[in-house]
Amino acid sequence: MSIEQQYRTRAKELLSAGEVKMVIGYGAGTTAERRRPIFITSPDETERLVLDSACIANLSGYLVTEGLLSDEKRVAVFLRPEGIRALNVLAAEAQLDPLQVVIIGFDLPKGELKSLQGSSVDDFTDLLGALKESTPDVDGRELLEKIEKMSPEERFAFWQEEFSKCIKCYACRQACPMCYCRRCIVDSNQPQWVNTSSHTLGNFEWNIVRAFHLSGRCVECGNCDRACPVNIPLRLINRKMAQEVLDSFNHFAGTSKTQEPVLASFKKDDSETFIL
Amino acid sequence: MTKILFTDKLDSCVERWRSAGMTVIGPVQRANSSVYDAVKSASELDLNLVLTDRSIKELFFPQSEPMLRYAITKAEINTDEFLPPSGPRIIFGARACDASGLAIDDPLFGWDYKDEYWFQRRNESVIVTIACTKADEFCMCTSLKLSPDSTKGSDILLRPLENNKGWQVEELTDRGREAFKSVADLLQEGSDPAAATVTVPEKFNADACAEWLKNPENFESRFWKEISARCIGCGSCTYLCPTCHCFDIQDEGGSFEGIRRKNWDSCSFALFTMHTSGHNPRSTQSARWRQRIMHKFNYFPGKFSANSCSGCGRCTRECPVDMGITETLQEISKLSQ
Amino acid sequence: MSEPFEPKITAFVCTYCTYAGADLAGTSRLKYAPNVRIIRLPCTGRISPMFILKALQKGADGILISGCHPGDCHFTHGNYHARRRWMVFRALLSFTGIPEERIKYSWISAAEGLKFADLINNITEDIRKLGPFDQYHKLIEETQAQASL
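Residue numbers (the UniProt record's numbering), protein chains in the order written: chain A, 1 to 276; chain B, 1 to 337; chain C, 1 to 149.
Keep in mind that a hint or two might mislead.
Unchecked claim - Listed next, the in silico DSS-like pairs over lysine-lysine satisfying Cα-Cα at most 27 Å (straight line):
| no. | chain 1 | residue 1 | chain 2 | residue 2 |
| --- | --- | --- | --- | --- |
| 1 | B | Lys225 | A | Lys21 |
| 2 | C | Lys115 | A | Lys268 |
| 3 | A | Lys73 | A | Lys21 |
| 4 | B | Lys40 | C | Lys138 |
| 5 | A | Lys12 | B | Lys225 |
| 6 | C | Lys8 | C | Lys58 |
| 7 | A | Lys73 | B | Lys225 |
| 8 | B | Lys40 | B | Lys9 |
| 9 | C | Lys138 | A | Lys149 |
| 10 | C | Lys115 | A | Lys149 |
As the list claims (entries may be wrong) - For each label pair, taking beta carbons as the anchor points, the in silico distance ranges come out as:
| no. | chain 1 | residue 1 | chain 2 | residue 2 | range |
| --- | --- | --- | --- | --- | --- |
| 11 | C | Glu141 | B | Glu116 | 46 to 56 Å |
| 12 | A | Gly111 | C | Ser148 | 38 to 48 Å |
| 13 | B | Glu217 | C | Arg46 | 53 to 63 Å |
| 14 | C | Thr15 | A | Asn189 | 24 to 34 Å |
| 15 | A | Lys21 | B | Gln120 | 48 to 58 Å |
To be verified - So, partial list: chain A residues that the calculated Cβ filter (under 10 Å) puts toward chain C:
| no. | residue |
| --- | --- |
| 16 | Asp123 |
| 17 | Arg155 |
| 18 | Gln160 |
| 19 | Arg182 |
| 20 | Ile185 |
| 21 | Trp193 |
| 22 | His199 |
| 23 | Gly202 |
| 24 | Phe204 |
| 25 | Ile208 |
| 26 | Ser215 |
| 27 | Ser248 |
| 28 | Ala264 |
| 29 | Glu272 |
Just so you know, the hints here were simulated from the structure itself, not pulled from any lab data. Owing to the predicted nature of the structure, the values given are computational and were not obtained by experimental measurement. Don't be surprised by glycine CBs; every beta carbon is placed ideally from N, CA and C.
Pulled out of the complex, with its shape left as it was, chain A reads as follows (with noise of 0.2 Å):
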């Protein structure tokens, strides 16, 4: 039997037990490339399930939407690792309680499909631990290398060609999971901090608070890269901020439901080669 058929009868027998209450997978899209997000909620539906190569969006911010498990039913979902990742970063900034989630997890290691054992977030610690140490597979490699040995100026040049495009859509932010702000510091205006029009500057100072606010809780499931309009390289940025929390604090993003979130914690000898 195909990973698909496997899991959609998991699906369909989680969903017929009575075991959750929704499935949240991936159907057939527009076109014969695309898949989309669907929620499935009675056993006669799971045939619409769709998994292969394609599936490639983190369906995880879909479980911080308002309302969605606070009956304390559980919902299962389809997750990548990265997915995992998210859902045990959301559990430690307590957005919502992972033993509400079954996950049905996969992996698409160069495109193959790959099914993951286990359904709750512990099952996978060894898994994400094991890709703490890895080295990520990033898609644009060489242009960050390039990037970072551009002088300041250069880099301000390239950065301000690409965010020059940003058309403010907020796609980065609305399709990431951890960006679950019920009012984000844009959307606050008293005070006002930063520019609301996507003028250059408005548009640099967005990119500069979202990465930010993303440092160390980024995942880098790619899912903002693929949603700006305007292909804005932002998992460049990101990936540049993941290495930097894993080389200065030995952190990485959502390996327990535990773990301190690195920007609220502090060590007392954290480096300060910077400070006079």
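Since chain A is already given, all that's left is putting chains B and C on it; use the hints.
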């Protein structure tokens, strides 16, 4: 015999228009994204795209436009108005859906107050549309009673030649004729046949959808929740849309001095309808999506007798969760049968 | 002849240590560069990265952030939290092309009036050498101008 503009003459045309003081604008690539932007030569133009990522509307209705500068002292309040940049422009290589989108929005920007930011730019722009010989699976102009060679909103329509060496020139308006008079010697009379325009299949029945939307019983239909369950509430569909026109006026700066700006806003955002009290009359994403569809295919046609959609398909093309007007109206077409 | 460049520097300081240190510099009649505008906050833990962005938005050429030495925080660990945040924010700014040299961090206690005066003189000179933050100022100017098309 028709007038023909050969591709190898385009650069001279651009030069001619530019030396006559016109800003030449067209589809270009900018850092991995395609937009309409000013060009210095024809070589910058990317005329092979099905459609630019971003729509033509931002040439007339920029995402952030300064309106006035204010300075308040104890003695007085000073304001300085900003006007849009003036001067003739030629937009070469628009698509029929984009040009139609502008025509759709004209009555909106002029029905009571005449928006000078919009109309100054409209009056100073010549729109040269190139009929489409290719489309992608998201194009849906024909479902909106438009076509790949619609003339709505255009001043000139160019039909690509079969041999791909140029375009047949159809002059549609006086403004278009005027702009092409200056390059008349660069055009040639010829009988080269035009390539066939692309066939865009009809995806839904807009009239049937309109009837369904007008029925008050359908306002609270479960359909809205189901169709928009996966909507994440970003504004990419509205911001890329050539006809979405909502804006917000913001004072940027302090209490005593700053700049008042007209910024794009989107009905997809929760903040769009949020009251000061915290109450939100459109409290769910499904209510916001319903508003978008109702506005485009029910309220807007009720007031201006045209759908507020030209079928470019950008909403679906760029949607992070594969939603869009096409799917919604296809489903409504099914419901209305 | 245009005026020689005088850098604008915004300093965000905690009230218990660095502000008291600045106060001591003043009462000790120490002379230091007048280029710094001091903003007093309860603790370095209160210094949000938003403040840095705001200062840049308002045209600062340089920024100083300063508080109690580790272990001396009036609130016991506000400065430890702040230190982590700066570490990360600094890397982020640098990656986006906002030079690290324009944003300085220091620990100055209530007893270090002399250190405060010296530091202000030194960073003023440093920023003067870097010159105005033209790249950022251009973005600010753009916001004051007519739309481009």
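Against the structure, the hints:
| no. | hint | verdict |
| --- | --- | --- |
| 1 | Lys225(B) x Lys21(A) | holds (17 Å) |
| 2 | Lys115(C) x Lys268(A) | holds (23 Å) |
| 3 | Lys73(A) x Lys21(A) | holds (7 Å) |
| 4 | Lys40(B) x Lys138(C) | holds (23 Å) |
| 5 | Lys12(A) x Lys225(B) | holds (23 Å) |
| 6 | Lys8(C) x Lys58(C) | holds (10 Å) |
| 7 | Lys73(A) x Lys225(B) | holds (20 Å) |
| 8 | Lys40(B) x Lys9(B) | holds (15 Å) |
| 9 | Lys138(C) x Lys149(A) | holds (24 Å) |
| 10 | Lys115(C) x Lys149(A) | violated (35 Å) |
| 11 | Glu141(C) x Glu116(B): 46 to 56 Å | violated (24 Å) |
| 12 | Gly111(A) x Ser148(C): 38 to 48 Å | holds (42 Å) |
| 13 | Glu217(B) x Arg46(C): 53 to 63 Å | holds (55 Å) |
| 14 | Thr15(C) x Asn189(A): 24 to 34 Å | holds (27 Å) |
| 15 | Lys21(A) x Gln120(B): 48 to 58 Å | holds (56 Å) |
| 16 | Asp123 | violated (31 Å) |
| 17 | Arg155 | holds (4 Å) |
| 18 | Gln160 | holds (7 Å) |
| 19 | Arg182 | violated (18 Å) |
| 20 | Ile185 | holds (7 Å) |
| 21 | Trp193 | holds (4 Å) |
| 22 | His199 | holds (5 Å) |
| 23 | Gly202 | holds (8 Å) |
| 24 | Phe204 | holds (6 Å) |
| 25 | Ile208 | holds (6 Å) |
| 26 | Ser215 | holds (5 Å) |
| 27 | Ser248 | holds (6 Å) |
| 28 | Ala264 | holds (8 Å) |
| 29 | Glu272 | holds (6 Å) |
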